[in-house]
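*Asks:* Quick note, the sequences are listed as chains A and B, same order. With the first sequence counted from 1, adding 36 to any position gets you the working numbering. With the second sequence counted from 1, adding 17 to any position gets you the working numbering.
Take these hints with a grain of salt, some might be off.
[What the hints assert, rightly or not] Covered stretches of chain B, as calculated for chain A (at least 3 residues, CB under 8 Å):
hint: 1; segment: 33 to 40
hint: 2; segment: 88 to 95
[Unchecked claim] DSS-like, lysine-lysine: derived pairs with alpha carbons at most 25 Å apart:
hint: 3; chain 1: A; residue 1: Lys-190; chain 2: B; residue 2: Lys-116
hint: 4; chain 1: A; residue 1: Lys-125; chain 2: A; residue 2: Lys-107
hint: 5; chain 1: A; residue 1: Lys-79; chain 2: A; residue 2: Lys-125
hint: 6; chain 1: A; residue 1: Lys-125; chain 2: A; residue 2: Lys-111
hint: 7; chain 1: A; residue 1: Lys-190; chain 2: A; residue 2: Lys-107
hint: 8; chain 1: B; residue 1: Lys-116; chain 2: A; residue 2: Lys-125
[Stated by the list, open to error] Not the full set, but computed from the structure, chain A residues with beta-carbon under 10 Å of chain B:
hint: 9; residue: Leu-42
hint: 10; residue: Ala-50
hint: 11; residue: Glu-77
hint: 12; residue: Asp-113
hint: 13; residue: Pro-116
hint: 14; residue: Phe-122
hint: 15; residue: Ile-150
hint: 16; residue: Phe-151
hint: 17; residue: Thr-155
hint: 18; residue: Pro-162
hint: 19; residue: Val-177
hint: 20; residue: Gly-184
hint: 21; residue: Ser-186
hint: 22; residue: Leu-329
hint: 23; residue: Leu-333
hint: 24; residue: Val-336
Hints were generated in silico from the structure; no laboratory data involved. Backbone N, C-alpha and C fix where the C-beta goes; we use that ideal spot for every residue, glycine too.
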Amino acid sequence: MGSDPLLSHGISLAVVLIIVLKVLVAFVVLMVSVLLMIWFERKVISDMQNRIGPNRAGPWGILQTLADGIKLFFKEDLIPERSDRFVFKLAPYLSTIPAFLTFTLVPLGGVVKIFGHTTELQVVDPPIGILFLLAMSTISVYGVMLAGWSSGSKYPLIGSVRASAQMISYEAAMGLSIASVVLVTGSLSTRDMVNAQAGYFFHIFPKWNLVQLGLVPFLVFVIAITAELNRPPFDLVEAEQELVGGFHTEYSSIRFALFFLAEFMNTITMSAIIVTLFLGGPSGPDPRFLHWLWPVLWFVVKTIAFLFFYVWLRAALPRLRYDQLMDLGWKVLIPISLAWILVVAGMQINRLLGFGILVLSLASAVLLYRAMDVGDALNDASDVGLAPTATSGFPSAIAIPAAPGLKIVTRPPVGESSTSGGN
Amino acid sequence: MLIATVPIALPDLITFLFAAVAALVGAGGVILLKNPVHSALMLVMTLFSVAILFIEEQAQFLAAVQIIVYAGAIVVLFLFVIMLLGVDRKEVIQKETLKAQRPLAVVAAVLALLEISLLARTNWATGAKGVTSSTNNSASNIVQLGRAVFTTYLLPFEATSALLVIAVIGAVVLARRSSGPQQVVVDPEVAEDAAEANEQTEQGSLS
Chain A
37 MGSDPLLSHG ISLAVVLIIV LKVLVAFVVL MVSVLLMIWF ERKVISDMQN RIGPNRAGPW
97 GILQTLADGI KLFFKEDLIP ERSDRFVFKL APYLSTIPAF LTFTLVPLGG VVKIFGHTTE
157 LQVVDPPIGI LFLLAMSTIS VYGVMLAGWS SGSKYPLIGS VRASAQMISY EAAMGLSIAS
217 VVLVTGSLST RDMVNAQAGY FFHIFPKWNL VQLGLVPFLV FVIAITAELN RPPFDLVEAE
277 QELVGGFHTE YSSIRFALFF LAEFMNTITM SAIIVTLFLG GPSGPDPRFL HWLWPVLWFV
337 VKTIAFLFFY VWLRAALPRL RYDQLMDLGW KVLIPISLAW ILVVAGMQIN RLLGFGILVL
397 SLASAVLLYR AMDVGDALND ASDVGLAPTA TSGFPSAIAI PAAPGLKIVT RPPVGESSTS
457 GGN
Chain B
18 MLIATVPIAL PDLITFLFAA VAALVGAGGV ILLKNPVHSA LMLVMTLFSV AILFIEEQAQ
78 FLAAVQIIVY AGAIVVLFLF VIMLLGVDRK EVIQKETLKA QRPLAVVAAV LALLEISLLA
138 RTNWATGAKG VTSSTNNSAS NIVQLGRAVF TTYLLPFEAT SALLVIAVIG AVVLARRSSG
198 PQQVVVDPEV AEDAAEANEQ TEQGSLS
C-alpha cells in the first residue's frame, strides 16, 4: 500500500485518524486556495490590463470569490427540458472529484511526526503514483463530454466533442513527457520522484528534472497540461466567443460553479504536479530551525510561481484556432516528446548513444520537413502551374488557380479562341 | 462452502463484495438499459469495479492501465461514435434481426457459466494475493511486468505493436481524403460547361 512509513506497522485507530485528518486538511487547503486563486487571478489580470479589479468585498476584494460562491449557491437551478436529467446532474461531479483526487498524490513536504507516528506530508503515496494522475485526467474527460451531451442541445454537444478531443489529444503528449520523468526516476511514485531530484550539480544547480531531462519534457508537459486544463490560450472550448460557451452553456447556479471549481482546482493541482515532476517538489535550502516548515514553504512558493505564470499566459496570449490547436498537439508536441524519450533512454545507457540518437532525430526531422516541403511544392505545381502551361499560347498566362475538377479541361486551341476574341 | 474454508480478512471481503456487486450491476445495465449512452456509462462502472478488484489483488498497474486504456480511451471512443452518429436515442429492441437470437444468447450464457465453474472447480477462493511473487516491494509489480514483456514475451509484444502500427496505417489510408489532381474525376458535361465558361471569360477579357 505505498511506501508511506505510517502504514508499515499495521493499521490502528490512530493511523486511520491521521489519514482522515490528512484528507480533511488537503480538502480544506485546496478549497481555500481555489478561493484565493480566483481572487489572485482577477487581481493580477486587472493589474495587467490597467484595471482595479475586485475591490469591494473585504480588504483588497479578497472575499469576492466567497460572495460569488454564495450568490451561485442561491441562484435558481435550471435543468433543460430536453436534457438527460441523471447524467446532467452527474457530469459536474465527474469533473470535480478527479480534480480533488489528483491533489492527494502531491508531496507537500518532507517526513513529519504526528502523535508518535512518522508519516509523509502527502495524502497517499500509491505504488502506481503518477499513473493515477493519468487515470484521473481521463475521468475528467467524461465530465466535459457528458455535460455537453446531456444538455440536449446542439452547441454544448459540439463544444463537448471539441473539448474531449482536445483533452484526449493532449493527454498523449502529457503521458509521453511523464514517461521520460519515470525513465530517470525508475519509479512511478511521486515521493520517489521528489527524492530522486535531491542534490546538486556542481554544488550550485539543483538536480531537478527540469535540468536533468534537458527542458524539452518540461516545456511539452506545461503546454500539454495548459491545454488539458482548458486554460488560455487553449480555452476555446469554454470561451464565450466560441459556440456560445461550450459544454457548460446550459448549466447554471451551483452546477456551473462546480465546473469552474474543478477547473481552478485542476490549475492548482497541475501546478503542484509540475513542481513535483520537474522542480524537485518541496526541495530547497533548509536552515536548521523549523525543520518541517521549510519544504512546505518552498513547495508553496514554486506552486504560486506557476499559478502566476498561468495568469500571465491568459493576459498575454491570443486564443488558438481549433486546427492550430490540433496541429500543435499532434504534429509538434507528440513527435518531439517521442523523439526525446529515445534520447533520454539513450542517455540512461551512455552519453555517446544519447547524443547519437539526438543527432539522428534532428537529422530525420530536417529530412522529414524537407520531404514535406518538396511534396507541398509538387502539389502546388500540379494544382496551379501545369494547367495554364499545358494549354495556353502565352507562356505568362494569368495563372488562375484552377479549382479542383476544372483543371483537366480540354479547351479549344488558344489561337482559335484568341482570334475569335479578336473578332 | 469452499469460500468458508479460506480465511479472508473483513476489509478484503467488504471490498470484494462491493466491487463484485457493482461490476455485476454495471454488466447487467449494459445490456438492459435502452439508451446507448447509459449503457456505455454502465460499462465504465463495470470497468472501474474490475479495477478495484485488481487493486484488491495487488495488481495496481493492471488497475491503472484498465482505467486509462479501457475507461479513458475505448469507452470515450464509443461515446464519440454514439454522439456523432446520433444513435443516442432509445432503440426499439423488440424486433430481432437474427432469428432465435435470444434463446441462443441464453444457451451461450449457460455454457460460459458451466465452463467457468468447471475451470474453477478446485479453486474458488485461494486467499492468495497476487500472482507475482513478492507483493511487499512496492515497485515489484511494474518491474516484473516490464521484465516479462521485454524478455520472455518479447516476440508477442513486438508482434502486437507491429499489428497496431499496421492498423493505424490502414485507418489513415482508408480515412484519407484524396486531393491529388490525378484522382479528380471530371464529369464530361461539367468539363464542357467549364470550357465554355472559360472561353466566354477569355473573349470578354480580350474584346
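*Asks:* Compare the structure with the hints numbered earlier in the document and write down the numbers of the violated ones, lowest to highest.
*Replies:* Violated: hints 1, 3, 5, 7, 8, 9, 10, 11, 12, 13, 15, 16, 17, 22, 23, 24.
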